[in-house]
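There are 2 protein chains.
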Amino acid sequence: MSRKHISKKNAALVADWQALQRIFLRPENEDARAMLLKYMEQILFGLHDFLKEHVGITEEASLKNLADKYKQTRISKHPEKKLAEVITDLVRDIAPHAVNVASPYFIGHMTSAIPFFMVHLKTIVAALNQNVVKLETSKVVSIVEKQVLAKIHRLIFHRSDSFYNTHVQNTRTTLGAFVEGGTAANLTALWVARNTLLGPKNSFQGIEKEGLMAAYQAYDIDRCVVLVSRRGHYSLRKAGGILGIGNDNVLAMDVDEHHRMDMRSLREQIRVFELNSRTKILAVVGIAGSTETGSIDPLREMGELCRDHGIHFHVDAAWGGPVLTSDKYRHLLDGIDSADSVTIDGHKQFYMTMGCGMIYFKDPRKMDAIEYHANYVNRPGSVDLGMKSLAGTREANSLMLDSALKIMGTQGYAILLEHGIELAKKFAAEISRRPLFQLVTPPKLNILTYRICPPHMQAELFSGTSTQRSHINKTLNAINRTVQRVQREAGRSFVSRTTLNRRSPDAEIVVLRTVLMNPMTDIQILNEILDEQEEIYRCRFGTNNLKGVA
Amino acid sequence: MSRKHISKKNAALVADWQALQRIFLRPENEDARAMLLKYMEQILFGLHDFLKEHVGITEEASLKNLADKYKQTRISKHPEKKLAEVITDLVRDIAPHAVNVASPYFIGHMTSAIPFFMVHLKTIVAALNQNVVKLETSKVVSIVEKQVLAKIHRLIFHRSDSFYNTHVQNTRTTLGAFVEGGTAANLTALWVARNTLLGPKNSFQGIEKEGLMAAYQAYDIDRCVVLVSRRGHYSLRKAGGILGIGNDNVLAMDVDEHHRMDMRSLREQIRVFELNSRTKILAVVGIAGSTETGSIDPLREMGELCRDHGIHFHVDAAWGGPVLTSDKYRHLLDGIDSADSVTIDGHKQFYMTMGCGMIYFKDPRKMDAIEYHANYVNRPGSVDLGMKSLAGTREANSLMLDSALKIMGTQGYAILLEHGIELAKKFAAEISRRPLFQLVTPPKLNILTYRICPPHMQAELFSGTSTQRSHINKTLNAINRTVQRVQREAGRSFVSRTTLNRRSPDAEIVVLRTVLMNPMTDIQILNEILDEQEEIYRCRFGTNNLKGVA
Numbered sequence: 004m005s006r007k008h009i010s011k012k013n014a015a016l017v018a019d020w021q022a023l024q025r026i027f028l029r030p031e032n033e034d035a036r037a038m039l040l041k042y043m044e045q046i047l048f049g050l051h052d053f054l055k056e057h058v059g060i061t062e063e064a065s066l067k068n069l070a071d072k073y074k075q076t077r078i079s080k081h082p083e084k085k086l087a088e089v090i091t092d093l094v095r096d097i098a099p100h101a102v103n104v105a106s107p108y109f110i111g112h113m114t115s116a117i118p119f120f121m122v123h124l125k126t127i128v129a130a131l132n133q134n135v136v137k138l139e140t141s142k143v144v145s146i147v148e149k150q151v152l153a154k155i156h157r158l159i160f161h162r163s164d165s166f167y168n169t170h171v172q173n174t175r176t177t178l179g180a181f182v183e184g185g186t187a188a189n190l191t192a193l194w195v196a197r198n199t200l201l202g203p204k205n206s207f208q209g210i211e212k213e214g215l216m217a218a219y220q221a222y223d224i225d226r227c228v229v230l231v232s233r234r235g236h237y238s239l240r241k242a243g244g245i246l247g248i249g250n251d252n253v254l255a256m257d258v259d260e261h262h263r264m265d266m267r268s269l270r271e272q273i274r275v276f277e278l279n280s281r282t283k284i285l286a287v288v289g290i291a292g293s294t295e296t297g298s299i300d301p302l303r304e305m306g307e308l309c310r311d312h313g314i315h316f317h318v319d320a321a322w323g324g325p326v327l328t329s330d331k332y333r334h335l336l337d338g339i340d341s342a343d344s345v346t347i348d349g350h351k352q353f354y355m356t357m358g359c360g361m362i363y364f365k366d367p368r369k370m371d372a373i374e375y376h377a378n379y380v381n382r383p384g385s386v387d388l389g390m391k392s393l394a395g396t397r398e399a400n401s402l403m404l405d406s407a408l409k410i411m412g413t414q415g416y417a418i419l420l421e422h423g424i425e426l427a428k429k430f431a432a433e434i435s436r437r438p439l440f441q442l443v444t445p446p447k448l449n450i451l452t453y454r455i456c457p458p459h460m461q462a463e464l465f466s467g468t469s470t471q472r473s474h475i476n477k478t479l480n481a482i483n484r485t486v487q488r489v490q491r492e493a494g495r496s497f498v499s500r501t502t503l504n505r506r507s508p509d510a511e512i513v514v515l516r517t518v519l520m521n522p523m524t525d526i527q528i529l530n531e532i533l534d535e536q537e538e539i540y541r542c543r544f545g546t547n548n549l550k551g552v553a
Numbered sequence: 004m005s006r007k008h009i010s011k012k013n014a015a016l017v018a019d020w021q022a023l024q025r026i027f028l029r030p031e032n033e034d035a036r037a038m039l040l041k042y043m044e045q046i047l048f049g050l051h052d053f054l055k056e057h058v059g060i061t062e063e064a065s066l067k068n069l070a071d072k073y074k075q076t077r078i079s080k081h082p083e084k085k086l087a088e089v090i091t092d093l094v095r096d097i098a099p100h101a102v103n104v105a106s107p108y109f110i111g112h113m114t115s116a117i118p119f120f121m122v123h124l125k126t127i128v129a130a131l132n133q134n135v136v137k138l139e140t141s142k143v144v145s146i147v148e149k150q151v152l153a154k155i156h157r158l159i160f161h162r163s164d165s166f167y168n169t170h171v172q173n174t175r176t177t178l179g180a181f182v183e184g185g186t187a188a189n190l191t192a193l194w195v196a197r198n199t200l201l202g203p204k205n206s207f208q209g210i211e212k213e214g215l216m217a218a219y220q221a222y223d224i225d226r227c228v229v230l231v232s233r234r235g236h237y238s239l240r241k242a243g244g245i246l247g248i249g250n251d252n253v254l255a256m257d258v259d260e261h262h263r264m265d266m267r268s269l270r271e272q273i274r275v276f277e278l279n280s281r282t283k284i285l286a287v288v289g290i291a292g293s294t295e296t297g298s299i300d301p302l303r304e305m306g307e308l309c310r311d312h313g314i315h316f317h318v319d320a321a322w323g324g325p326v327l328t329s330d331k332y333r334h335l336l337d338g339i340d341s342a343d344s345v346t347i348d349g350h351k352q353f354y355m356t357m358g359c360g361m362i363y364f365k366d367p368r369k370m371d372a373i374e375y376h377a378n379y380v381n382r383p384g385s386v387d388l389g390m391k392s393l394a395g396t397r398e399a400n401s402l403m404l405d406s407a408l409k410i411m412g413t414q415g416y417a418i419l420l421e422h423g424i425e426l427a428k429k430f431a432a433e434i435s436r437r438p439l440f441q442l443v444t445p446p447k448l449n450i451l452t453y454r455i456c457p458p459h460m461q462a463e464l465f466s467g468t469s470t471q472r473s474h475i476n477k478t479l480n481a482i483n484r485t486v487q488r489v490q491r492e493a494g495r496s497f498v499s500r501t502t503l504n505r506r507s508p509d510a511e512i513v514v515l516r517t518v519l520m521n522p523m524t525d526i527q528i529l530n531e532i533l534d535e536q537e538e539i540y541r542c543r544f545g546t547n548n549l550k551g552v553a
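Chains as they are written, first to last, in the numbering used here: chain B, 4 to 553; chain C, 4 to 553.
No wet-lab data here; the hints were simulated from the structure. Among the hints, erroneous ones may be present.
[To be verified] The calculated lysine-lysine pairs, modelled on BS3-like cross-linking and capped at a C-alpha distance of 27 Å, are:
hint, chain 1, residue 1, chain 2, residue 2
1, B, 154, B, 409
2, C, 154, B, 67
3, C, 67, B, 67
4, B, 154, C, 85
5, B, 365, C, 429
6, B, 80, C, 428
7, C, 85, B, 74
8, C, 365, B, 80
9, B, 84, B, 41
10, C, 409, B, 80
11, C, 331, B, 80
12, C, 80, B, 85
13, B, 41, C, 409
14, B, 41, C, 85
15, B, 84, C, 428
16, C, 85, C, 74
17, C, 80, B, 365
Treat the numbers as computed from the prediction; the structure is a model and nothing was measured.
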């Protein structure tokens with residue numbers, strides 16, 4: 004009854020012509036302005052106050068119960084709520100059941116706290132509502148985008164002043180593109196590499212136009228492959244599937260003991276494919292900060308190898324790219340400038356809000372291979388950025404990055420990154436010091452994996468037969484799965500888990516994975532998290548309870 | 004000197020450890036909160052005040068001069084600016100040279116004013132910073148997303164209560180997905196259709212895994228085609244290129260005199276391909292609101308034809324989809340429920356901010372064809388939305404749409420859409436009334452095209468030979484290009500132009516294109532825009548000046 008009453012009242016407020024016109028005009032009078040600002044205050048601080056009180060992924064309301072509350076599937080004809088009510092609902096009902104990714108105890112994924120000014124910057128992007136697909140809906144914003152692309156390109160490839168002077172505002176060339184995320188960036192890189200490898204030749208007009216079947220016939224091949232280590236992100240397999248080369252042809256190469264590309268295997272594999280004229284190598288992918296372990300491939304060596312063999316070398320630096328801002332750790336990415344293309348995510352270690360990936364190409368003509376035009380936009384020679392881009396309509400996230408770089412300087416980012424890398428070292432030392440744990444992948448950057456592995460089992464792993472070790476690992480996998488889940492559901496902290504596959508008797512091992520990017524996370528907090536895991540382990544698997552596990 | 008001084012002062016403010024920690028904490032004291040709110044006030048109202056003073060795409064500062072100001076390509080080591088300065092710069096230097104897409108005189112593209120509450124909603128999405136790729140970084144937000152997907156699915160396909168009850172929160176099935184935009188939506192639809200058509204068969208494991216060459220061999224074909232009218236969006240050609248079928252195999256079918264798919268040609272084409280067993284039809288695409296003319300294909304007929312021939316029927320309703328909220332005009336999209344997949348853009352006629360596309364599938368198992376997993380996320384049976392999705396990391400735009408639907412109701416959207424459709428009819432009448440103009444495509448929705456075509460040339464077009472007509476059209480094309488450009492550069496208003504291609508003596512004609520979606524645009528404003536065009540025409544091409552054009 005009262006609900007109906009509210010609906011009616013609100014209907015009068017919004018769903019008539021005058022009310023609708025009002026919501027398209029920003030208010031002219033002081034009262035209305037004050038109201039809009041009050042809502043913004045609620046958003047900026049109300050959401051945060053709620054988030055403060057819950058950390059990690061609480062399971063107070065089970066997922067099933069939660070889902071049951073969101074099963075209504077009809078859109079109300081009349082307005083149901085006013086903006087104020089919607090905001091209140093979001094603050095009271097949604098935020099407490101969202102995940103507090105900003106908590107320093109949330110160290111399980113590549114999502115973390117962001118500087119508060121990022122929210123202001125995103126609000127600016129939304130309020131301007133420019134569409135960078137074309138100059139006619141963005142103008143100076145497209146120009147700023149070209150500038151910030153050049154800035155990051157320079158950070159990666161540090162080419163000459165005259166190079167950047169020629170290309171920064173050149174409407175015929177392209178140093179890179181803003182895309183939705185790392186997946187779109189990797190897809191774009193392989194798309195460009197595919198079209199370059201199988202471009203027009205004699206009467207064949209290129210793979211983009213005629214398709215893969217015609218391309219394979221024109222080039223007299225029946226297979227293209229992409230070589231990447233088994234630590235490569237799954238988006239590379241997905242890109243292989245989308246592009247028609249088949250995700251089975253994105254080959255997972257062996258890694259060395261540091262989870263880096265095994266160069267001997269890579270050389271051997273290239274040699275084998277070069278003997279087989281029916282297969283072409285589309286690209287070799289190096290990883291600069293693998294998702295699971297943070298490991299970095301030997302980029303310099305890979306780059307030289309690719310150059311010698313004329314293979315497109317792509318570097319997936321979605322995670323590690325921003326380390327280039329640090330004088331102290333830049334050397335970890337040594338050789339990244341030998342790449343033909345590089346992926347970097349803004350929403351990872353540039354601490355931007357979600358949805359800001361980037362792809363860069365050393366050669367500013369490379370993206371010509373994916374150029375599209377339409378009669379009403381994207382005319383050749385214009386500043387229409389949509390000409391060489393996976394997406395059409397796109398928001399102007401470049402404005403956010405440009406502003407953030409001015410506010411932070413490279414040094415600001417460097418301090419954040421150095422904190423994470425150095426904290427990871429301390430954390431690794433602490434894990435090694437505690438008898439219950441085993442450090443599985445020591446950190447190169449700010450990501451490490453470890454597992455619970457009680458001393459007696461560590462001893463057995465060391466001295467046991469292959470069968471015994473396999474059995475123990477299975478037991479350990481079950482233990483680690485349980486501890487991770489119980490900790491997550493307790494809701495005080497969150498560490499993720501993954502399964503590392505290797506060609507070895509320890510074929511599949513479940514590990515706990517931490518990503519240390521929140522500057523509020525410190526060794527004290529990490530100790531608390533380890534304490535909690537020890538506590539959970541003892542409660543669940545104290546020596547007497549161990550039998551039930553395997 | 005003073006610049007250096009500022010840099011130093013700011014460096015002290017941001018690029019040290021304490022300062023960095025501060026920017027990750029929302030401020031606890033009242034003064035600091037007030038400051039952040041003051042910035043938000045500047046963003047909400049400052050940007051707008053600036054935009055108010057300039058409409059359209061002013062050319063006061065030429066593009067070249069503007070670009071020259073953004074050629075610096077080094078990132079400063081130390082912070083250059085504080086947030087306050089960055090905001091001031093954006094308000095004073097960027098906004099005035101951005102495009103005022105919110106002006107009611109900006110009627111050239113599918114970008115327009117948005118209700119002010121959308122900016123608040125986007126700010127909420129940014130502040131929560133959830134990543135809907137997986138439950139562990141989004142929780143309830145993924146659940147809300149599934150619900151709003153079901154709501155729009157129901158608006159399109161209106162299946163039964165029990166259907167929606169089964170699928171709305173089902174973690175094994177998928178009613179659709181939020182994507183970056185219409186391009187990603189169309190790509191996803193054709194990707195799913197490709198993988199379904201060329202799925203696993205006997206020992207062949209499917210095109211996604213083994214690639215297109217192996218698929219064509221397994222199915223004994225050498226070509227796949229997509230059939231769409233020549234009014235189809237260029238993203239469909241792009242999708243053909245990316246997916247490996249070749250963009251030449253996205254065939255532009257003839258249109259009838261209303262710019263709708265010519266059903267006779269379509270039937271004939273399908274018949275021809277069915278006789279040729281080496282070619283498969285991957286999909287037929289219907290358009291519900293073409294980008295250039297707003298025309299709507301005969302969806303019901305196309306759907307029946309596709310059903311009879313077992314062809315995937317995709318409808319690109321990026322523009323027209325939201326018309327389904329209007330009782331009065333829903334019938335224009337009659338037959339959309341016979342589609343297998345439907346694209347709708349939130350940032351078009353749901354009036355959201357940039358970057359919110361959607362793709363829907365009638366069959367909730369259809370997206371299984373593009374499923375991907377990884378060890379650390381997207382585990383089978385979870386609510387990890389990234390499992391069946393082009394993108395990985397994604398922002399939670401679904402929260403915005405959910406809130407907007409509550410604030411507006413279907414009726415709120417219906418009123419906006421009806422205004423545009425009815426205004427377009429009045430505008431068409433006015434164009435027809437004025438002797439200087441020729442209405443080229445009468446509006447079905449809220450898009451129409453027309454051109455300047457003085458009475459004596461209209462007469463010649465009517466009675467002339469094919470060669471004469473072709474000559475006149477060339478002259479008219481030049482006139483219309485000039486008038487459009489001069490008006491755009493004057494900066495008071497903006498109408499776009501495009502070139503319509505037809506199989507006829509009027510093969511290529513340049514038209515002025517208007518998109519009427521801003522509720523503040525009225526017939527008075529449209530008359531002013533026509534007046535201005537008449538004025539420009541008379542100044543430039545008064546009878547005496549006409550010779551120099553052709």
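Comparing the hints with the structure gives:
no.: 1; hint: 154/B x 409/B; result: holds, 12 Å
no.: 2; hint: 154/C x 67/B; result: holds, 20 Å
no.: 3; hint: 67/C x 67/B; result: violated, 58 Å
no.: 4; hint: 154/B x 85/C; result: holds, 19 Å
no.: 5; hint: 365/B x 429/C; result: violated, 52 Å
no.: 6; hint: 80/B x 428/C; result: holds, 26 Å
no.: 7; hint: 85/C x 74/B; result: violated, 45 Å
no.: 8; hint: 365/C x 80/B; result: holds, 23 Å
no.: 9; hint: 84/B x 41/B; result: holds, 17 Å
no.: 10; hint: 409/C x 80/B; result: holds, 9 Å
no.: 11; hint: 331/C x 80/B; result: holds, 14 Å
no.: 12; hint: 80/C x 85/B; result: violated, 46 Å
no.: 13; hint: 41/B x 409/C; result: holds, 20 Å
no.: 14; hint: 41/B x 85/C; result: holds, 24 Å
no.: 15; hint: 84/B x 428/C; result: violated, 33 Å
no.: 16; hint: 85/C x 74/C; result: holds, 21 Å
no.: 17; hint: 80/C x 365/B; result: holds, 23 Å
Comparing the model with each earlier hint shows violations of hints 3, 5, 7, 12, 15; every other hint is respected.
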